[in-house]
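Chemist: The lines below spell out each chain.
There are 2 protein chains.
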Amino acid sequence: MEKLAIIDMGSNSIRFVVMQIADNQSYSLLYQEKEAIRLGHGLSQTGVISEEGVQRALTCLHVYKHIMEVMDIHECRAVATAAVRNASNGEAFLQRINAETGITMEVISGEREAYLGYLGVINTIAMKDFLIFDLGGASVEMTLVRNGEAVHSLSVPIGAVTLTEKFGTQGNPDADAIASLMKFVRKKMAAVPWIQDIHLPIVGIGGTARNFAKMDQRATNYELSKLHNYIMPLDHFEGLYQEITTRTSANRKKIAGLSSERSDLIVAGAAVIKTIFDMTGSPEMVVSGCGLREGLFYEYYASYCHLPSPRFDDILDFSVKNFLGTLSGVIINQAHYDQVTRIATQLFDQLQPLHGYGPRERLLLQTAARMHDVGKIVNFYNHARHSAFMIAHAPLYGLTQVEQIITGFIAGFHHGISRKIIRAYRYANMASAEDWIMIRKLSTILALAEASDLTYEQIVTNVEVTLAENVAVMILTTTPGSTYNAADYEMKQLSKQFKKEFGASLLLVWK
Amino acid sequence: MEKLAIIDMGSNSIRFVVMQIADNQSYSLLYQEKEAIRLGHGLSQTGVISEEGVQRALTCLHVYKHIMEVMDIHECRAVATAAVRNASNGEAFLQRINAETGITMEVISGEREAYLGYLGVINTIAMKDFLIFDLGGASVEMTLVRNGEAVHSLSVPIGAVTLTEKFGTQGNPDADAIASLMKFVRKKMAAVPWIQDIHLPIVGIGGTARNFAKMDQRATNYELSKLHNYIMPLDHFEGLYQEITTRTSANRKKIAGLSSERSDLIVAGAAVIKTIFDMTGSPEMVVSGCGLREGLFYEYYASYCHLPSPRFDDILDFSVKNFLGTLSGVIINQAHYDQVTRIATQLFDQLQPLHGYGPRERLLLQTAARMHDVGKIVNFYNHARHSAFMIAHAPLYGLTQVEQIITGFIAGFHHGISRKIIRAYRYANMASAEDWIMIRKLSTILALAEASDLTYEQIVTNVEVTLAENVAVMILTTTPGSTYNAADYEMKQLSKQFKKEFGASLLLVWK
Numbered sequence: 001m002e003k004l005a006i007i008d009m010g011s012n013s014i015r016f017v018v019m020q021i022a023d024n025q026s027y028s029l030l031y032q033e034k035e036a037i038r039l040g041h042g043l044s045q046t047g048v049i050s051e052e053g054v055q056r057a058l059t060c061l062h063v064y065k066h067i068m069e070v071m072d073i074h075e076c077r078a079v080a081t082a083a084v085r086n087a088s089n090g091e092a093f094l095q096r097i098n099a100e101t102g103i104t105m106e107v108i109s110g111e112r113e114a115y116l117g118y119l120g121v122i123n124t125i126a127m128k129d130f131l132i133f134d135l136g137g138a139s140v141e142m143t144l145v146r147n148g149e150a151v152h153s154l155s156v157p158i159g160a161v162t163l164t165e166k167f168g169t170q171g172n173p174d175a176d177a178i179a180s181l182m183k184f185v186r187k188k189m190a191a192v193p194w195i196q197d198i199h200l201p202i203v204g205i206g207g208t209a210r211n212f213a214k215m216d217q218r219a220t221n222y223e224l225s226k227l228h229n230y231i232m233p234l235d236h237f238e239g240l241y242q243e244i245t246t247r248t249s250a251n252r253k254k255i256a257g258l259s260s261e262r263s264d265l266i267v268a269g270a271a272v273i274k275t276i277f278d279m280t281g282s283p284e285m286v287v288s289g290c291g292l293r294e295g296l297f298y299e300y301y302a303s304y305c306h307l308p309s310p311r312f313d314d315i316l317d318f319s320v321k322n323f324l325g326t327l328s329g330v331i332i333n334q335a336h337y338d339q340v341t342r343i344a345t346q347l348f349d350q351l352q353p354l355h356g357y358g359p360r361e362r363l364l365l366q367t368a369a370r371m372h373d374v375g376k377i378v379n380f381y382n383h384a385r386h387s388a389f390m391i392a393h394a395p396l397y398g399l400t401q402v403e404q405i406i407t408g409f410i411a412g413f414h415h416g417i418s419r420k421i422i423r424a425y426r427y428a429n430m431a432s433a434e435d436w437i438m439i440r441k442l443s444t445i446l447a448l449a450e451a452s453d454l455t456y457e458q459i460v461t462n463v464e465v466t467l468a469e470n471v472a473v474m475i476l477t478t479t480p481g482s483t484y485n486a487a488d489y490e491m492k493q494l495s496k497q498f499k500k501e502f503g504a505s506l507l508l509v510w511k
Numbered sequence: 001m002e003k004l005a006i007i008d009m010g011s012n013s014i015r016f017v018v019m020q021i022a023d024n025q026s027y028s029l030l031y032q033e034k035e036a037i038r039l040g041h042g043l044s045q046t047g048v049i050s051e052e053g054v055q056r057a058l059t060c061l062h063v064y065k066h067i068m069e070v071m072d073i074h075e076c077r078a079v080a081t082a083a084v085r086n087a088s089n090g091e092a093f094l095q096r097i098n099a100e101t102g103i104t105m106e107v108i109s110g111e112r113e114a115y116l117g118y119l120g121v122i123n124t125i126a127m128k129d130f131l132i133f134d135l136g137g138a139s140v141e142m143t144l145v146r147n148g149e150a151v152h153s154l155s156v157p158i159g160a161v162t163l164t165e166k167f168g169t170q171g172n173p174d175a176d177a178i179a180s181l182m183k184f185v186r187k188k189m190a191a192v193p194w195i196q197d198i199h200l201p202i203v204g205i206g207g208t209a210r211n212f213a214k215m216d217q218r219a220t221n222y223e224l225s226k227l228h229n230y231i232m233p234l235d236h237f238e239g240l241y242q243e244i245t246t247r248t249s250a251n252r253k254k255i256a257g258l259s260s261e262r263s264d265l266i267v268a269g270a271a272v273i274k275t276i277f278d279m280t281g282s283p284e285m286v287v288s289g290c291g292l293r294e295g296l297f298y299e300y301y302a303s304y305c306h307l308p309s310p311r312f313d314d315i316l317d318f319s320v321k322n323f324l325g326t327l328s329g330v331i332i333n334q335a336h337y338d339q340v341t342r343i344a345t346q347l348f349d350q351l352q353p354l355h356g357y358g359p360r361e362r363l364l365l366q367t368a369a370r371m372h373d374v375g376k377i378v379n380f381y382n383h384a385r386h387s388a389f390m391i392a393h394a395p396l397y398g399l400t401q402v403e404q405i406i407t408g409f410i411a412g413f414h415h416g417i418s419r420k421i422i423r424a425y426r427y428a429n430m431a432s433a434e435d436w437i438m439i440r441k442l443s444t445i446l447a448l449a450e451a452s453d454l455t456y457e458q459i460v461t462n463v464e465v466t467l468a469e470n471v472a473v474m475i476l477t478t479t480p481g482s483t484y485n486a487a488d489y490e491m492k493q494l495s496k497q498f499k500k501e502f503g504a505s506l507l508l509v510w511k
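Heads up: the sequence lines are chains A and B, in that order. Going by the working numbering, the letters in the first sequence line up with residues 1 to 511, in that order. Going by the working numbering, the letters in the second sequence line up with residues 1 to 511, in that order.
None of these hints come from the bench; they were simulated from the model. Some hints could be false.
Below are the BS3-like pairs computed for lysine-lysine, each with C-alpha atoms no more than 25 Å apart in a straight line [what the hints assert, rightly or not]:
1) Lys-511(B) <-> Lys-420(B)
2) Lys-254(B) <-> Lys-274(B)
3) Lys-254(B) <-> Lys-420(A)
4) Lys-254(B) <-> Lys-496(A)
5) Lys-254(A) <-> Lys-253(B)
6) Lys-187(A) <-> Lys-254(A)
7) Lys-188(A) <-> Lys-166(A)
8) Lys-492(A) <-> Lys-420(B)
9) Lys-274(A) <-> Lys-128(A)
10) Lys-254(A) <-> Lys-499(B)
11) Lys-183(B) <-> Lys-254(A)
12) Lys-496(B) <-> Lys-254(A)
13) Lys-420(A) <-> Lys-253(B)
14) Lys-166(A) <-> Lys-187(A)
15) Lys-499(A) <-> Lys-253(B)
16) Lys-253(A) <-> Lys-500(B)
17) Lys-420(A) <-> Lys-492(A)
18) Lys-492(B) <-> Lys-34(A)
19) Lys-166(B) <-> Lys-183(B)
20) Lys-253(B) <-> Lys-496(A)
21) Lys-253(A) <-> Lys-254(B)
22) Lys-187(B) <-> Lys-166(B)
23) Lys-253(B) <-> Lys-253(A)
24) Lys-253(B) <-> Lys-500(A)
Covered by chain A, according to a simulated footprint, are these stretches of chain B (three or more residues, beta-carbon under 8 Å) [stated by the list, open to error]:
25) 96 to 104
26) 179 to 193
27) 438 to 449
Computed from the model, here is a short list of chain A residues facing chain B with C-beta under 7 Å [to be verified]:
28) Val-378
29) Asn-379
30) Phe-380
31) Met-390
32) Thr-455
Please read all numbers here as calculations on a predicted model, not as lab measurements. Even for Gly, the Cβ is constructed at its ideal location relative to N, Cα and C.
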């Protein structure tokens, strides 16, 4: 077992996280603290980090150091970004930190900051071509990703804190102040020619982007309160941008979801995002809750586990495995999970003519199958429903938010579709009527696969389905000498549901 | 690690469960199967178990035996109840089971059946004085409990299956048939004089009682679909009884929640419960999902773990410990849980003049504190909300259903009250407006306790609160040489919430 502390000292906040890597290489977040130390305060005027800022940082770092001792943590990756990078007393400050707390903090370049943000995003959002921006207090890092590779990156020294100070956009900025701000931001961003008219989605990291997601979720009564991988369409952004740049400070604070400690900085932050939208011609912003810190972690993790690359090939597969790994002390029967996944996949493929679904639905079914029993951790009774909850909220990557909820629903019906379960679901409205038809069909397949391994001994080695008129003949090959009565009985219980969902009678033939 | 199989062969169903006892003595349910073999079918006419019944039982038992082998289970407690007890070929049948499957099944007396049901109830429902009835297919076991002790018990050889056959109440019984049935049941129940006019709650075990709970939950749009410990008032029962005994078979089947395989037996079952209500003068029926099988398990568990008694002194404490025990592979910091519980309790006691709550609320707070972080298993992010879900659905005993939901809500706010969390809650309407006031106050106390152990090192050894006019002075004694800045800062973040909930300013003094 290994523990790693990560400290990320930006211009606005300092963050401290502790990650744990278990002996089976599954990792989890153990601890997290955040403090708005506003290190960049006054920096754009004076060029130095103020003594007050230094003191606020030292106070936090003393506490973090102390927690590391309490938690017996020996590995620490501590990085400082734009504020320290730009301040003339930055180096001296880091030496002082080292002398007073023993923490060795490294100031990283804009390029490295961009790269780490890219690592945090590429391992947690399943997109191939997009633009990342990481908008902090004193800089914005931009990375263009093509086919999953970072092809360009640049750090532009403008940020929510420094711009706010420069243009006085806290309080009640007038139209002129906003116009000057916008003009300045446009000019600075013109230094990044490769974002012009790319018409790709933009992925936003940082407090400003997250706060926009939160405001949009509140405005649209979005049921799930999860920011990572939330998609905000351009017109929603434009609407909020209008509100933010025209309201008085007092009225701005009333915008639902706007964080009170960010209500001053949001104007300048909004101007940067607006400019990025304008220049790229992007249709939407995807918000990433993962960035620099996750990038630092993945880098460490890859090295610790001797992985060939800190970028994972299949982030969904990796995150499912990781989640199951964190539960390995309580998960009981991996062979059963594997078997149910294998049989469900075979059934999906064989029944393709009846459902017509493609690789995406296949993936959702497989993911549901891989995790169908995790709810047993909560309670054996009604565990399918608890699995639905856990899958919806687990740290899985590679699915959209709605796909993750849907995957939970599919698993929730792994003993058959029940009104009781539907009644108990939250977020049922997040799936469309069409989604629900798909959920019903896929969960019927999953329930059949589950029933086929009723005795937990993986007797079914192969499934073939022959489709005759209105009949699906399911030919199940079993291991020599095995007893299939129980599985046969259990699968037959699903005949009525099968007929309803697929419009065909189910006929089982055992070999 | 130990596994125990339990088989319970009744007149209507046969049930098979596998329990696991981990090395830390925490137990959990591993597997469960049920089959409606209707062993008692025809018994009241012929006096023997039919060859068809024998065959259905043997088919199931072969499967169960096979599963035991697959799961490598060597311990099995298999019992047969009234059908086998009453049949003239019962003994021969058990010998045949043994010869054909190797399973040694014991026919138990009505008294022992009643005792095991009592054990199942007394360890899972926190009541002291009540009457248990376990209504099966061929008998009803009655146990009078006074101050937690079983003071009388008796088995009466009438049950849902045998009565249905005797009075032909399947299908469309007319008023005369119902009247004859009721007259017969009353006469039989008159053999139990000690239930007369006891005016205590009745606790119902068995399929009929569970199905009444389900129908009532559907009729009242009860949000939670959990049957154990569900309370059904007399007038709700009377209403359903009317429907059940006057509708035609086709219309009866339309009653929401009525199990299709029980729609014939429910008439006779209803007559027995009606008679028990009438004779006892009870105000309500509490439904128990635990009975004979749980009793058998607790008996085994007590012996396996060398406990002085199969009856646990404090069932809430025991079930919380057991649940945490099942998670011990993933639960990280028991010392933190303990500290937060201790500090929350001290704060509750010291703030008593401000909130005026009593021992019950104290217990809910303590339970929330003991489990406040379990949601980290689902996801570190938003873990307070996930704790709320897990607490609401975990196998806890000793709380009412609503209390368990409330305990979850309290834990859900352990980082402070947030609108985001409230929006995300299902079952919020199950707590009354008054409950919500209590939840807010208790969760504020829990959040303070959590903040006091921010650094996970248990620095606070004692809390004393002095209440001056509109000010609560909280004097926190810490371990020598400890650093309390972080805890101080974190607790102060809750000042506004504290003021709102308790109407007093919070002043922290550190010693």
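Chemist: Each hint: holds or not?
Modeler: Verification of the supplied hints:
1. Lys-511(B) <-> Lys-420(B): Distance of about 36 Å is beyond 25 Å: violated.
2. Lys-254(B) <-> Lys-274(B): 21 Å, holds
3. Lys-254(B) <-> Lys-420(A): Satisfied, since the Cα-Cα distance of roughly 16 Å is no more than 25 Å.
4. Lys-254(B) <-> Lys-496(A): 19 Å, holds
5. Lys-254(A) <-> Lys-253(B): This hinted pair is violated, its Cα atoms lying about 54 Å apart.
6. Lys-187(A) <-> Lys-254(A): 31 Å, violated
7. Lys-188(A) <-> Lys-166(A): 14 Å, holds
8. Lys-492(A) <-> Lys-420(B): Status violated; Cα separation ~44 Å.
9. Lys-274(A) <-> Lys-128(A): Distance ~23 Å between Lys-274(A) and Lys-128(A) Cα, so the pair holds.
10. Lys-254(A) <-> Lys-499(B): Holds, at roughly 22 Å.
11. Lys-183(B) <-> Lys-254(A): 70 Å, violated
12. Lys-496(B) <-> Lys-254(A): Roughly 18 Å between the alpha carbons, so the hint for Lys-496(B) and Lys-254(A) holds.
13. Lys-420(A) <-> Lys-253(B): Holds, at about 17 Å.
14. Lys-166(A) <-> Lys-187(A): Given pair Lys-166(A), Lys-187(A) holds - Cα atoms ~15 Å apart, limit 25 Å.
15. Lys-499(A) <-> Lys-253(B): With Cα atoms ~22 Å apart, Lys-499(A) and Lys-253(B) stay inside 25 Å; holds.
16. Lys-253(A) <-> Lys-500(B): 20 Å, holds
17. Lys-420(A) <-> Lys-492(A): 21 Å, holds
18. Lys-492(B) <-> Lys-34(A): 15 Å, holds
19. Lys-166(B) <-> Lys-183(B): Since the Cα atoms of Lys-166(B) and Lys-183(B) sit roughly 13 Å apart, the hinted pair holds (cutoff 25 Å).
20. Lys-253(B) <-> Lys-496(A): 18 Å, holds
21. Lys-253(A) <-> Lys-254(B): Violated - the C-alpha atoms of Lys-254(B) and Lys-253(A) are around 54 Å apart, more than 25 Å.
22. Lys-187(B) <-> Lys-166(B): 15 Å, holds
23. Lys-253(B) <-> Lys-253(A): 57 Å, violated
24. Lys-253(B) <-> Lys-500(A): Since the Cα atoms of Lys-253(B) and Lys-500(A) sit roughly 21 Å apart, the hinted pair holds (cutoff 25 Å).
25. 96 to 104: Not satisfied, violated; 0 residues make the cut.
26. 179 to 193: With 0 residues closer than 8 Å to chain A, the region 179 to 193 of chain B misses the three-residue bar; violated.
27. 438 to 449: violated (count 0)
28. Val-378: Holds: closest Cβ of chain B sits about 5 Å from Val-378(A), inside 7 Å.
29. Asn-379: Hint on Asn-379(A): holds, closest Cβ of chain B at ~5 Å, below 7 Å.
30. Phe-380: 4 Å, holds
31. Met-390: 5 Å, holds
32. Thr-455: Holds, because the Cβ-Cβ distance from Thr-455(A) to chain B comes to roughly 5 Å (cut-off 7 Å).
Violated hints for the displayed structure, listed by number in ascending order: 1, 5, 6, 8, 11, 21, 23, 25, 26 and 27.
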